[in-house]
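With chain A fixed as given, assemble chain B onto it according to the hints.
What follows is each chain in one-letter form.
There are 2 protein chains.
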Amino acid sequence: MNLLIVNADELDDNGTVTLAGRRARHVIDVLHGKRGQTLKVGVLNGPRGTGTIEEAGKTQVTIRCRLGAETPVIPRADLLLALPRPKVMKRMWAPLASMGIGHLYLTNAEKVERNYFDTHWLDPAHYEPLLIEGLEQAGDTRLPDVTVIKRLKPFLEDELDSAFPRGSRLIAHPGEGTPWGRLLASDKERLMIAVGPEGGWTDFELRMFERAGFKRIRLGTRTLRTDTACIALLAIVQAVKGVEK
Amino acid sequence: MNLLIVNADELDDNGTVTLAGRRARHVIDVLHGKRGQTLKVGVLNGPRGTGTIEEAGKTQVTIRCRLGAETPVIPRADLLLALPRPKVMKRMWAPLASMGIGHLYLTNAEKVERNYFDTHWLDPAHYEPLLIEGLEQAGDTRLPDVTVIKRLKPFLEDELDSAFPRGSRLIAHPGEGTPWGRLLASDKERLMIAVGPEGGWTDFELRMFERAGFKRIRLGTRTLRTDTACIALLAIVQAVKGVEK
Chain A
94 MNLLIVNADE
104 LDDNGTVTLA
114 GRRARHVIDV
124 LHGKRGQTLK
134 VGVLNGPRGT
144 GTIEEAGKTQ
154 VTIRCRLGAE
164 TPVIPRADLL
174 LALPRPKVMK
184 RMWAPLASMG
194 IGHLYLTNAE
204 KVERNYFDTH
214 WLDPAHYEPL
224 LIEGLEQAGD
234 TRLPDVTVIK
244 RLKPFLEDEL
254 DSAFPRGSRL
264 IAHPGEGTPW
274 GRLLASDKER
284 LMIAVGPEGG
294 WTDFELRMFE
304 RAGFKRIRLG
314 TRTLRTDTAC
324 IALLAIVQAV
334 KGVEK
Chain B
94 MNLLIVNADE
104 LDDNGTVTLA
114 GRRARHVIDV
124 LHGKRGQTLK
134 VGVLNGPRGT
144 GTIEEAGKTQ
154 VTIRCRLGAE
164 TPVIPRADLL
174 LALPRPKVMK
184 RMWAPLASMG
194 IGHLYLTNAE
204 KVERNYFDTH
214 WLDPAHYEPL
224 LIEGLEQAGD
234 TRLPDVTVIK
244 RLKPFLEDEL
254 DSAFPRGSRL
264 IAHPGEGTPW
274 GRLLASDKER
284 LMIAVGPEGG
294 WTDFELRMFE
304 RAGFKRIRLG
314 TRTLRTDTAC
324 IALLAIVQAV
334 KGVEK
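Residue numbers (our numbering), protein chains in the order written: chain A, 94 to 338; chain B, 94 to 338.
In isolation and in its complexed conformation, chain A is listed as follows:
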């Protein structure tokens, strides 16, 4: 945990928060928090700052937070991901949040099995703690928005323009396509990146994406597993920002 994240409604008027449970245990057992010690704190979807431990008991800690004025910017990329099987989805939540995503859309596709949508890993009560774990790791406070799309076609045709009005729409697909770097190097806009299921998008789906303005990109000659591909794509988006600086 590189950033202790609290909810705005946990703070009292003096910016003091008393924690129990997982976060308190981490401060007490892992960070060996003592009165007077400081640590990095952030408010979920809010600013970051420094917390000073006012009291550290056996199961509870009280922390006084001094927060900055600015909330971290929303990460540049949104991800439109064909829902992977539950076991893979479970292990992707934290790394995706750590890489930084504005909005995660999890969609059905022809090669996505319907029963994948029954998993409890699509329940916010189960995935939000994993997203927060990723934010704590990365030191960010921006919780990605998450939308589950049961039918891809009406989403692309009727909802995408309001969900993602401005920016580049890109679709990752093995084979042809513009190499990544070149496309991104001239692009400071927001990005929506579509990543297919293990079996790939069908030709029908590829045409649908094309009609919706998605440009084909490829990530080198290597075919990657969904989870690896998503991290790789998000890493490149950020590295290119680094180049532009």
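Honestly, I wouldn't trust all of these hints.
Pairs count within a copy or across copies, as identical chains cannot be separated in the list.
[Unchecked claim] DSS-like mimics (lysine-lysine), calculated; alpha carbons at most 27 Å apart, straight line:
# : residue 1 : residue 2
1 : Lys-246   : Lys-133
2 : Lys-180   : Lys-308
3 : Lys-133   : Lys-204
4 : Lys-246   : Lys-183
5 : Lys-127   : Lys-204
6 : Lys-133   : Lys-243
These aren't lab readings, by the way, just hints derived from the structure by calculation.
Same frame as chain A, now just chain B:
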């Protein structure tokens, strides 16, 4: 499995191979292989080509391989990684191979626990199948070399120059450092990238790396878990190659 990988000594003089076990089951059960059907094949550390199924039984398949002349180039990056804990190491083998690595050095460091080296996940009999799984996914045949380093200091001082004589030596560390992209954009050489343990390199280790010619780089402002960071770094290396084309 996007590429069926065989060992050179499994092929007879006509380039025919008879498989049983995991690979046969994959061809029979997943690819529904029938006589006459073709699939992509590769020889471990050798060329790739096309295989034609000559016989598909219940547990065995015989495949005639027509191989190209060229072996894929060795991936550009070597990775010098502080050994992560066994559970993490286990899940990293396949993704690392899928991203492409020339030589993987797994090293001790002050913040690496000694007992991590006792894991069977450092035994080639256990990790090679996972590396090959990564190659099958990515469509590559180059098995990464793997070296376990029990003492980092003598390795950096006495062995590194012969192990990695030419190319850029880079060390990933949060905080200061040149942003990635800029450093790589002008660099077509081989790269060795050092990635620290979860707790980071110590100042003593950082100075040791500096004396050995490693330049500090940083991967944006986000602190990533080891496995995520490695994939992100390797993705950027490849993307930058894409930009240069």
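Taking the hints in turn, this is what the structure says about them:
For the identical chains of this complex, Lys-246 and Lys-133 are neighbours neither inside a copy (44 Å) nor across copies (33 Å), given an alpha-carbon limit of 27 Å. Taking CA atoms no more than 27 Å apart as the test, Lys-180 paired with Lys-308 passes in neither setting, with 30 Å inside one copy and 38 Å between copies. Within a single copy, Lys-133 and Lys-204 get their C-alpha atoms only as close as 43 Å, which misses the 27 Å cut-off; across copies the closest is 22 Å, which meets it. For the identical chains of this complex, Lys-246 and Lys-183 are intra-copy neighbours only, at 25 Å inside a copy versus 39 Å across copies, given an alpha-carbon limit of 27 Å.
In the homo-oligomer, the alpha carbons of Lys-127 and Lys-204 lie at most 27 Å apart only across protomers (23 Å), although the nearest pairing inside one protomer, at 53 Å, exceeds that limit. In the homo-oligomer, the alpha carbons of Lys-133 and Lys-243 never lie at most 27 Å apart, since the shortest distance is 39 Å inside one protomer and 34 Å across protomers.
Violation of the numbered hints given earlier is confined to hints 1, 2 and 6; the remaining hints are satisfied by the structure.
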